[in-house]
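Colleague: What follows is the residue order along each chain.
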Amino acid sequence: MIHIHKLKKAYGEQFALTMEELQIAEGSITGIVGNNGAGKTTLFRLILDLIEPTSGEVFIDNEPVRANDSWKSFTGSYLDEGFLIDFLKPEEYFYFTGKLYGMDEQATDQRLSIYTRFMAGEVLGQDKFIRDMSSGNRQKTGIVAAMMVEPRLLILDEPFNYLDPSSQIWIKRLLKEDNEARKTTMLISSHNLTHLAEICNRIVLLERGRVIKDLSLPADDPAEVERYFSMQAE
Amino acid sequence: MMLKHAIVWNLLKHSWISFRRAHYFQRSLGIRVLMGFTAMILLGYLYGAGMMLPVLLQNFFPEQLPHEAFFSLWLYLYFAELTVRLVFQKLPRQMVQAYLTLPVKRRILAGYILSRSWFSIYNVYLYALLLPFYYRTLYLHVSPAAFWMALLGTFLLSSLNHAITIGMRTWPARLSRTITLALFLFGFVILGGILYIAEFMEFSRQLGQAVISGQPMVFIILLSLIIVLQLLAFRGLFASFYEWSGAHSRPGAPGRSSIARFLAAVPVYGLYWELEWQLITRNKRAVGGLTQWPWIIIALPLFFYFDPFGDAERYMYLMVMAAGGYGFAHLQYVFSWESRFFDLIAARKIDMEVFIRSKYYFYLTLGAAQTSPVLLLVGVLRPDLFWPLFGIFLYAVGPVFAYLFLTGVNSSTRINPNKKAGFNPEGTSGTLFLVIFVSMFSVLILQGIAYLLPFAQKTGLALLTGLSGLVFILTHRWWTAAVSKKFVFRKYHNLKKYRE
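Going line by line, the protein sequences match chains A and B. Be aware that the first sequence starts at 1, since it is given in the numbering used here, and climbs by one per residue. Be aware that the second sequence starts at 1, since it is given in the numbering used here, and climbs by one per residue.
There may be inaccurate statements among the hints.
What the hints assert, rightly or not - Here are the simulated BS3-like cross-link-like pairs (lysine-lysine), alpha carbons at most 30 Å apart as the crow flies:
{"hint": "1", "chain 1": "B", "residue 1": "K105", "chain 2": "A", "residue 2": "K8"}
{"hint": "2", "chain 1": "A", "residue 1": "K8", "chain 2": "B", "residue 2": "K486"}
{"hint": "3", "chain 1": "B", "residue 1": "K486", "chain 2": "B", "residue 2": "K497"}
{"hint": "4", "chain 1": "B", "residue 1": "K13", "chain 2": "B", "residue 2": "K105"}
{"hint": "5", "chain 1": "A", "residue 1": "K183", "chain 2": "A", "residue 2": "K6"}
{"hint": "6", "chain 1": "B", "residue 1": "K419", "chain 2": "B", "residue 2": "K105"}
{"hint": "7", "chain 1": "A", "residue 1": "K6", "chain 2": "B", "residue 2": "K486"}
{"hint": "8", "chain 1": "A", "residue 1": "K6", "chain 2": "B", "residue 2": "K284"}
{"hint": "9", "chain 1": "B", "residue 1": "K485", "chain 2": "A", "residue 2": "K99"}
{"hint": "10", "chain 1": "B", "residue 1": "K284", "chain 2": "B", "residue 2": "K497"}
These aren't lab readings, by the way, just hints derived from the structure by calculation.
Based on the provided sequences and hints, a complete structural model is requested.
Modeller: Now the structure itself:
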């Protein structure tokens, strides 16, 4: 579904990402791991056409993302708070996002009901603007908005951050169920290898913008990546 | 003792660093020179006004000496100054927020904030007007002592305004609102000349005379008031600390207004119109411009009606700032307002042409809604100015809006619309100054051309501005498409800057 071809992104002299080839198969859940500055967010921003590559191309469904934006109609994403409209209430934000994907308020309400337990009664009906919510609830709002539109491609950057343990379990369950039911292609980054190992069927390890390990699960052992991080810490 | 001094020293050092690293100092040399030049021009204007003031007062009040006439209006001047301060002057509290969680005594912080607040342009700028005036009237014609006493009185009155303003920033919101309302009512009824105008002018004149003759009681009373207000502000700051650290619960967010519902129901553009309405009504900085509009609706027609200089048509170019309604102020920063969530806009399937067109329709409609009552009142009070003002309205929502959109796309400044601006320079740049100048002076050029036409100048101006306005309104689909193309072209650059 996603094809990355000779993709490079440089900031001045420094290359934040250098990726020869990477294919993300339709219906797969791919975890992107790496230490800070490994290039995870840069990769996501390049896929979403939010930054300009120095060279190379990203293709979604064989179409270069920069050439047309048809991919946007089936892609859900949440990278950080730049994806939230902070002066809206969560309901208003969901309705706005829903309408961009052609959903009316009734349809949005229906979809939101799937995430009721994940939101744990702290997001909807709170009479609060997004900017006044806790980091965890803002994170939930962004994730739900990305997922509720039933995208074919879902991109989430560090979705487990700020979430309490119960919510982390819930989001993993929701992601797995969604992937099984609709064969959604997912690209998820995280510092937490355990979370990714639980849900992903592939883990890509980045270091300084390069792919240094590409594991297929359960065939490969995710402990390999764990060992890499241990070595880095020493 | 040493530790306390070290803290105060660090606070002062950090103030200096924050001043040096402020947004406006990070600009290019050319823009800084332009901003400096503009500041010099404004000071020059004040100085020139101070030099001219004795002559003007002599003409208006021939039976009085200039300084006596001036003192009759002294309190009016300070009431106007207080109004400016209440709107714009801020408490420099951002300097200490980081220290609230550190082991620094709160009374040191409170004392620091209060003393830091005195280093403000509002405590300085009036001297550019008053120094030359006092010198020409008091130093040369009364006595050097009277000159120094007047300066001391000016300093105390200005300080009293400072103490009132800073006090208002530290007391509970409800109390501050009540005092502001009481002050404005007082100003409207008494200073506004509805009641006791002669008595109040006489009181003001006597106060001025008492000051220049050095009557100690006046100085003692003023000084005592300042001290009491500063002590009250000092106490108020302690309560404010809890608010700043978020200890107080926030009030519930307002629901969807009927206007928002109405806007949302509009086909195609409704989705963005509702968002635009929420953006400008739910963010402090954005809503500030909207709440000033009722005053403009009253003030502008009255200004034209009284026409103090008797040649209102000559400075119609200034009206371009008001005639476009809220759009003129807002569109100067267009796209910077959305900078915080533009990643979302860019990652979703949004037709940029529709997005920009919807913005234009929104501000065109809002401009019409805001300017209509002004036009109506001007039509009644100054019928001769109705068509020139209508022409300026069309000009503002036509070529000026197009120009603002096009220059707005070039601006990659990130703005937090929920941060109160006051005189906060965030988002202001030399380019924006230029944009405003160009917008206004383009009308001046049309005004010049109007002289050459075989009509009365007002008719010529109305025709030229109205026609050029109509051309841009009718061709808006073309130029909004050009704006959207330009934005897409600059997308990566702008998004990068918005994120920084």
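Colleague: Indicate, hint by hint, whether the structure satisfies it.
Modeller: Hint-by-hint comparison with the structure:
Restraint check: the Cα-Cα separation between K105/B and K8/A comes to about 52 Å, which exceeds 30 Å; the hinted pair is violated. A distance of roughly 25 Å separates the Cα atoms of K8/A and K486/B; the hinted pair therefore holds under the 30 Å criterion. Distance check on the hinted pair: K486/B and K497/B sit about 16 Å apart at the alpha-carbon level, within 30 Å; holds. As the CA atoms of K13/B and K105/B are separated by approximately 18 Å, the hinted pair is consistent with the 30 Å bound.
Pair hint K183/A plus K6/A holds up; C-alpha atoms about 27 Å apart against a cutoff of 30 Å. For a cut-off of 30 Å, the pair hint linking K419/B to K105/B stands: about 27 Å separates their Cα positions. For the proposed pair K6/A and K486/B, the alpha carbon gap of about 28 Å is at most 30 Å, so the pair holds. Proximity of K6/A to K284/B is assessed by CA-CA distance (about 46 Å); at most 30 Å being required, the pair is judged violated.
Taking the CA atoms of K485/B and K99/A, the gap is near 24 Å; set against the 30 Å cutoff, the hint holds. Of the supplied pair hints, the one linking K284/B and K497/B holds, its CA atoms being roughly 23 Å apart against a limit of 30 Å.
The structure is inconsistent with the numbered hints 1 and 8, although it conforms to all the rest.
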